[in-house]
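Q: Order-wise, the sequence lines are chains A and B.
Taking my numbering, the leading residue of the first sequence gets 1, the next gets one more, and so forth.
Taking my numbering, the leading residue of the second sequence gets 1001, the next gets one more, and so forth.
If you're looking for bench data, these hints aren't it; they were derived computationally from the structure.
In this text, all values refer to a predicted model and were calculated from it rather than measured experimentally.
The beta-carbon is built from N, C-alpha and C at its ideal position, and this holds for glycine as well.
Treat the hints with care, as some may be off.
Within a straight-line C-alpha distance of at most 30 Å, the following computed DSSO-like cross-link-like pairs (lysine-lysine) qualify [to be verified]:
| id | chain 1 | residue 1 | chain 2 | residue 2 |
| --- | --- | --- | --- | --- |
| 1 | B | Lys1259 | A | Lys292 |
| 2 | B | Lys1259 | B | Lys1139 |
| 3 | B | Lys1138 | A | Lys140 |
Ranges between beta-carbon positions, derived for each pair [unchecked claim]:
| id | chain 1 | residue 1 | chain 2 | residue 2 | range |
| --- | --- | --- | --- | --- | --- |
| 4 | B | Val1215 | A | Asp389 | 48 to 56 Å |
| 5 | A | Gly157 | B | Asp1121 | 46 to 54 Å |
| 6 | A | Gly410 | B | Val1215 | 26 to 34 Å |
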Amino acid sequence: MTTHHQKPKTHLNRRDFNQLLGMSAAGLLLPTMPAFSHAVSADELVGNYIDVSTKKRLADAGLNAAKAMGATYSDVRIGRYLNQFVLTRENKVQGIVNTISYGVGIRVIVNGCWGFAAVADPKDEATVAKCAATAVSIAKANARLLTEPVVLAPQKGYGEVSWKAPIKQNAFEVPIKEKVDLLLTANAAAMTNGANFVNSVLFMVNEQKYFASTDGTYADQDIHRIGPSFTVTAVDAQSGKFATRNSLSAPMGMGYDYLQTNPSDKVGGVTTRYGKGYDMLEDITLAAKQAKEKLTAKSVEAGKYDLVLDPSHLWLTIHESVGHPLELDRVLGYEANYAGTSFATLDKLQSKSFQYGSKEVNLVADKTQVGSLGAVGYDDEGVGTKKWDLVRDGILVNYQAIRDQVHILGEKESHGCCYADNWSSVQFQRMPNVSLQAGKTPLSVQDMIKDVKKGVYIIGDGSFSIDQQRYNFQFGGQLFYEIKDGQIVGMLKDVAYQANTREFWNSCTAVCDQSDYRLGGAFNDGKGQPSQSSAVSHGSATARFNGVNVINTARKI
Amino acid sequence: MAILTKEEAKKIIDKVLSYAKADETAVSLSGGRTGNIRYARNSVSTSGESNNLALAVTSVFGKRSGTATINEFDDASLEKTVRRAEEIAKLAPENPEYMPMLGPQTYLNTNPYSENTAKIDPEYRAKAAFDSLDPCRKKNLTAAGYLEDTTGFSALGNSKGLVAYNRATSVDFTITVRTADGLGSGYAIRDVTDVSKLNTKEATEIAMQKALASVTAKALEPGKYTVILEPAASVDLLQNMMGSMDGRNADEGRSFLSKKGGGTRLGEKLFDERVTIYSDPTNPDIPTSAFGGGGGGRFGGGADGRPQEKITWVDKGVVKNMYYSRFWAAKKGVPATPPPAAFIMAGGNQSLLDLIKSTEKGILVTRLWYIRAVDPQTLLYTGLTRDGTFYIENGQIKFPVKNFRFNESPVIMLNNLEAMGKPVRIGGNLIPPLKIRDFTFSSLSDAV
C-alpha cells in the first residue's frame, strides 16, 4: 500500500483519553489506535523485529532511488511503533490492547519542493524504492505550485549511530498479570479509602526508529514511554454532588522502573508528589480521601490571589503559554486554520527586549533531558539533539525551529525538534521539552508559602483553555489549598485562574530551588491537519505568581 | 479496490467465520480512501491520499475475549488471524460485564453514501483549494484551509448470524482568512455527504467578509450578554452535552443527569420547552449508518451492531432518553438504547439575519474555540470566541468586538433560550442558530 502524505486520521488525544477513563461502557474498550496498527498478543511486543543491517539495506534502496530520480535531499524513516494499554475500573479489567505498526516513510526534495510517501510492511528494497519514486513524483507535482523553494540548514552526517533511552526495565517485558495486579490493587485501595468509583490505566509505548538521510546519517533509536494514571470519584448521593481526583503521576520517557519508587523520588507536604519514581498505591489512597474531602471543601471566594503552583500543575501552563506560542511554524501562520498563530511575533524577538516574564523566569527547550518524553539522540530529520534558551532573565531570546525554518531566524543549524508520530506521517516542527529553570537561590516550598498572605496552592493539572494566539488562558487543577498569612488553612474547591500570558509570567516572583524540580507532561499534544500527536515533558520547581485572578466555577443547574 | 460491495464483504466474513472454533466469533471488515489538501500562507502545504482495508476478528470463550487484526486476505492469513484471536482470548482475564453477541438484526434503510464524493480525485481537491485561495490572493488576504474527504465501507458479521453493511462518504472543509496586517480573522466550516453540495468559494467568501469586518475590534466589558451563536459556535457545547447522556453515569451519581438523593433526572424538564433534540439515521440532510459500528457519523453510535433508530433525547425540554451499554441496560431492565451517531436540534424558520434583526443589543459569535470541561457536575465549559465576534444594536451589526472567554453550561444556555433559527448541518449534526440571553463572558482576549 503506497500512500502520499498519509497521516493517521485519529489519535488518542487528551480528550479521548479522558473520555476513556470516564466511560462506563461494558466490555472491551478499544482506544483509538495509531495508524495501521495491528492488534497482537503481548509476546509480540518484545525483541528485535529486524536487525540494523536490514534496515540500512532498505533505507539505502530508498535514498539511492530518490537520488537517481533527481532528489537533492532525501530521508528514510523505518519505524516500528508498539503500544500497550491496560484499562481497569474497580475490580474489573476492561481491556488489554497491544498494537504494532510498522512501515517506512520517505521524504525528498526535488526542484526545491518537499514530497513525501509511505508504505506499510516493506519487505524488500524494491518496495522502498517504489515508495521513494512516489515521493519524488509528488514533489515534482507540488513544485509547479511552489512560490519559495525549501532552504534547508546544512547538517553533517553522523555515520552509523544509535541511541537508546536509558531505561532500567522494559515495560513490555513485564508480564501482563503483574500490570493488572498493580492496577487492581490500586483500585482496591481507592475503594477501601472511600472512593465510589475508580478507573485506572497503564499506557506503554516503544518507538523503534531508524533514520537515514543523504547527509550520511544512519541513526537507530529505541525510545520508551510509560503513563500510569487514574481517576477516583467520590459521590454523595444525598446532596447529588460528586468529585474526582486524578493521579499526580506524569507520563515519562522511562521504562517500568518509573513504578518502582525510592524515598528520594517522593516530595512530602500537604500530599505526596513524585519525581522519577511513582508510588501509585500511595497516591490513589490519598486521592480517595481527598476526593471525599473535596465534596465538603470550602468553595473559593473569587478575587486576586498569590498562586503557589506545584510542578504537577505548572507543566501544563508552561506547555500552553510558552511551548506553543514559541513554535516558529505557528508564529509564521502555518497553523492558522487549526491551532492558531502566536502573539510572540518575530519583531518581539528582534527587539531583544521583549519582557516575556519577570527576571526570575528562565525557560529552556531541551531534547536531551533524561527521563523526559521528548528525549532522543537525533530528531526525525537526523539532527543531534540539544538544549537551548527560549527566555533568558525574562527576555524572549529564541523559538523552536527545524532545518527548513532556522534560516528565518538567521541561524545556520536546526534546533533538532522535528518529529513525526508515525512512519506514515510526515515529520514537522514539534515542541521539545520546554521547562522553567529552578531558582538559583535555595528556596523550599514551605519557605515560599510562609511569605504568602492570601493565596491558593494548586497541585495537579485540571481544565485547560487558551486562545488561538496564546494570550488569555484559564486553568483548573486537582487539589487547591487556601493559604492565609503564610499557613495552609484548608482545602478549597471550584477554583480556576485566568490570566494573560505576559502578565502572568511577569507576576512570577520566585521559583523554588533545584531540589524541588520535577517533570510533568502529556502523551498527546495535537498539531497539524490531519492531527499528529506528540509526547512532551515540562519541568519546573514550585513557583509563585502574585495577584492572579481566581474565579469560582460552581454553578447551579 | 478498498470499497467492497456487501456481497464481497460477506464472502470474506463468512470465510473467516468458517475457521472459528471459539464459543462466539465476530468479524469486522472496513476499508476506504481518505484524501486531503491543506494550505496556509496562501500556498498549498500538503496534500495526499491513502487507502486502507482491514479485518478484525474477536473470539470469545466464556467471558474471555481477544481481538486480532490483519490486512492480508488470502485464506492462510485469515485462518491464522482467527487462531491468533482465539489464543489471545484464552489468555485474557474474564470480563464479568461481557454480553453475548447479538443475533440477526433488522436495520433501517439509510443512505450516507454519495457517488459524487466517491469520485473525488487529486484534481478536484486542487480545484477546491484554488477556488478558496484565489479570491483571498486577489484581495490581499491570507488563507489557511483544509479539506478532507472520506469514502468508506464497514461490514460486521458474527457466529450468531448478525450481518450488517454500510457505505458512507463525507467531506469536511474549514477555512480561516486573515487580513495582511493580522488584525482581522474570519472563519467558515462546511461538512457534506455529497460533495456536489460543497462550494469552497462560497464558504471562503464568508470567511473573507468576516476577516475584513473584524479589524479594529473594540473592547467591551466582560459580563452577561445576549448572544447569537452560529451553529459553528454552539455545536461543540451541544455535542459535549449529548456525549454526557450515558445512563450508567447518571445511575452512578456522576452525571449532570444524576438526581439529588439518588436516581436520575429522566422525565424531568431540564430545558426551555422549545428545546427538542433527537436523532434519526434516515434524515436526508445528515444520513448515518443504520447500525453502530457502521463508520461515519462524528458522534459515535457505538460499535456493537445495535440498530440506530429514531430516538428523542429531549422532548419539549424534558429528558426523554439516555443511552446505555448492553450490560447496564440488562442489569437495569431498560431498553439498550445505543448512543446516536449524530443529533438534530429542532429549530424555527428564521434565518441568521432575522435573528440579528430582532436583537436590540447583543453579540454575534462565529465560533467558540478551545472548549474544555470545567465542572462535569453542571457541564460548565470554558473557551473563547474566535474569528468574527460582532456587536449588534437595534437589529444591526455595529462593530467588531475583541474576543471573550466564556464560562457557561449548555444546560443553563438552553434554559436562557430567546429564539432559534433554521437548523443547518454542522459536524454531521443539524443545529439551529441560537439566540441566548445572559451568556457569561468572563474575560477579554487580545487574540485575533
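Q: Name the hints, by number, that the structure is in violation of.
A: Violated hints: 2, 4 and 5; rest satisfied.
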